[in-house]
Amino acid sequence: MKMGFKHVPAFVHYVPMKRNGKLIRAEADDDSSPGNEDDSDNDSDQSDDSFEQEVVRIQVVPEMQLPRTSHLQRAPTRNQHGASPVRERVTRSTPHPDVGTQPPQPLDPEQEIQAAPFVAPVVADRPIRGPTRGLMVQQLFDKEGKLLVPIPQCFRAPVGKYACKLATQIGVEVRTNLEDLTIRRWKAVDESVKAPMFQRIKDRFNLEGDPIDVEKAVARQFGRRLSDYTHDLYKKYKKLKSTKGVEYARSHPPSGVTHEQWMGLIDKKWSDTKFQNKSTKNIKNRTEMKSKHRCGSKSIPVRVNAMMQTNGNRVPDLKEVYKSTHFNEDTKMWISEESEKNYGKIIEVEAEHAEAGVTPITQEELSIKSLKAKSGYVKGLGMRPSSSLRTTVASAANSQYVSHLESLVQEYQEERQAQQQKIDVLSESNKQMELTTATIMEYLKHQGNGFSEYIENSRST
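In my numbering, the protein residues as written are 12 to 472.
Heads up, some of the hints might be wrong.
[Claimed, not checked] Straight-line alpha carbon distances no greater than 20 Å define the calculated SDA-like cross-link-like pairs of lysine to any residue that follow:
(1) 334 to 290
(2) 250 to 294
(3) 172 to 318
(4) 198 to 209
(5) 250 to 290
(6) 247 to 230
(7) 330 to 344
[Stated by the list, open to error] Now the in silico label distances, taken between C-beta atoms and shown as ranges:
(8) 151 to 289: 32 to 42 Å
(9) 371 to 289: 41 to 51 Å
(10) 349 to 151: 31 to 41 Å
(11) 383 to 164: 44 to 54 Å
(12) 303 to 243: 14 to 24 Å
(13) 203 to 356: 46 to 56 Å
(14) 383 to 154: 38 to 48 Å
(15) 289 to 434: 26 to 36 Å
(16) 365 to 386: 48 to 58 Å
These are computed hints drawn from the structure, not numbers from a lab. Don't be surprised by glycine CBs; every beta carbon is placed ideally from N, CA and C.
All chains should be modelled from the sequences, with the hints used to inform the complete structure.
Take a look at the structure:
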């Protein structure tokens, strides 16, 4: 007697496979599922009555969502029958009672393991990084106490191991404790707001240096973090405005920003014509930048200070610092043509002053002569100019203006010399005219005396 099997539901599972060195999920069809190698559906006539096959249909319960920190997620399975787990025995033998009338039999542990759906590890997408909350700084503070951040006079900027942590914590203070985000400059923030924020920074960091330099450096960091934060919010606003409309953008502030702060930024700052014009100009100026750098989160002062710590507190070579911040060692290429030209200029000026009989040049002077000078800042080294170079920096920064003035002075001197020559000629002419006039007057005087005698003689006659 030939009897067919009950329909066995298809079981879809995913198997891990590697393609191009990456772990991917591949859906395996029913023919390749585990346990089907000895399947003999086409030869069922050869099976005897003592053969029995056990089919277990398992409804896959939706799994709990894994935490964001997990890098594995379970492969989804497809269930064709919306029933609870049922153990069904199909036997081609003598008649047997209806399976549906029998209570479900419990599975043995081994059978449960064998009946469990295949689960393949799958690498999930990398979770999106949330806003920094200063947790790492707090952990370091609990472990080590106040974190040392030197602010040397030669840099007047935070350097050292925890300089990045200081900038991070200042950003946290701006995002969490500054209510009015419409303020354009940190100087405009009320002192009653700035003082507690500055004090919380000093409670966690040992800011080592001149008090004036420390205050200015920290204030500069606060201003930059405020500018960065409002700029990021402005980009989010423009994106929402362009994709979902103005009303949606106005009514959906980002996380961490209250509705009042969001509306204040939109109405008081971003909608202002003066702000929009300035933003357009800044975007244009940014696109015209010829020379950039690849410092990342480690600023140039931090890099240079680290080099100075390893070479006896000596200022490192400008060419070495400049190449490390403008040349990509992986691609063996400069990040811009202007960077390559500047590096060539540094090498050229350094070679000129390395010749015999030429006065040696310091790295600060090399920066002034090879790179475009900037008042109060030594480009390429991140340093503040020393007192002996302040005059040099000022003159170099205004070299074009000074040259223009010198050319004007030269022209003025030439014109004055020409005018002086004309004056000398006119003076000589005046002398000649005065002499001629005196001669004529003398002649007339003599002529006048003779005329008087003639009159007297005429009267006497």
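> For this structure, which hints from the list above don't hold up?
Replying inline: 1, 6, 11, 15 and 16
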